[in-house]
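Can you build the whole structure from these sequences, using the hints too?
If you're matching positions, the sequence shown starts at 1 in the UniProt record's numbering and goes up one per residue.
Please keep in mind that the hints were generated in silico from the structure rather than gathered at the bench.
Check the hints yourself; a few may be wrong.
To be verified - Derived Cβ-Cβ restraints for the label pairs, each shown as a range:
(1) L47 to D293: 41 to 51 angstroms
(2) P124 to L223: 41 to 51 angstroms
(3) R185 to E160: 45 to 55 angstroms
Since we're looking at a predicted model, the values are computed, not measured.
A virtual CB, placed ideally from N, CA and C, is assigned to each residue, including glycine.
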Amino acid sequence: MDLHGIDLNLLVAFDALMAERSVTRAGTRIGRTQPAMSAALSRLRALLRDELFVRGPSGLQPTPRALELAEPLSRALAQIQRTLEFTQVFEPASSTGTFTIGLQEHPAFVLLPRLVSALRAVAPHITLHVRGFTARDDAIGMLDAGEADVTIGVPPASTERILTRPLFEERFVCVLRKDHPAGRRPLDLDGFLALSHLLVSPENERFGHVDAALAKRGLKRRLGLTLPQMYAAPRLVASSDMIATLMEGVIEASGMADALRVLPPPIELAPAAFVLSWHRRNEAHPAQRWFRDCIAAQVLEQQEGRRGRKGSSRARAQ
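Here it is in structure tokens:
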């Protein structure tokens, strides 16, 4: 049988006729007039080449063919109903769905453990896939291709089809090994430029935020090492004479804070912003909305906890 010619409404009518055994009552059940139900029954008979229902002393009586079709069609309609309802309501506790998240290196370190823990608590049966990306605009390609439901990283290029939500910012700090002579006094610009610098560039460039800020003043720093992995930088600085300008959160999450001296940069640097990105086609889907809200809630809790720890540290210092 060619399924392209089947009207789903005919199957709904069949299910109602099986339940009510009356054309009039079946029409009332599904909101159709008696003539419309009679027409639907005629079409069903022609489609299935069977009488399906014959008049009896207590109403319509199903034929053996109708009885044979009743249960599987009822199950199929119920499954379709459940599928359509899923697009309206999302129940995380019972969901067995899958989400894919694209992460740059820093969000993977600072956010992923908390997010996984939260998902296990409220949605224990879902599966989370994680994909890494480096260049900011890689996020656009992943979302366009459906390779990720959301991405977290520095803001990609602006496009109408990719939506974003700010998550958090990271300020930049300078780090030296704990006993570095340059760390015994406030770091001025001359002292900063006299040192050998470690540059973290995930996109393998040799010109970063610091270089751009220095170039505006006609200045240039001396690079001693460039590398793409920012979480390797704290340990390298702790065992060398180099200086690195890194996001503060990298120092906190690296476990190397006690081996480093943290100083404010001698030049003004805008903080690094991280955003949640998703494709416009996923904007209204309840499960996708829930996933995005779950991520945002975990970031908010993490940022509040971080501010609380900083406040406690300052209080102890005083």
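Now for the hints, and whether the structure bears them out:
1. L47 to D293: 41 to 51 angstroms: The hint (41 to 51 angstroms, Cβ to Cβ) holds, given that L47 and D293 are roughly 45 angstroms apart.
2. P124 to L223: 41 to 51 angstroms: Because 48 angstroms falls inside the window, the suggested range holds.
3. R185 to E160: 45 to 55 angstroms: 51 angstroms, holds
The earlier numbered hints are all upheld by this structure, with none contradicted.
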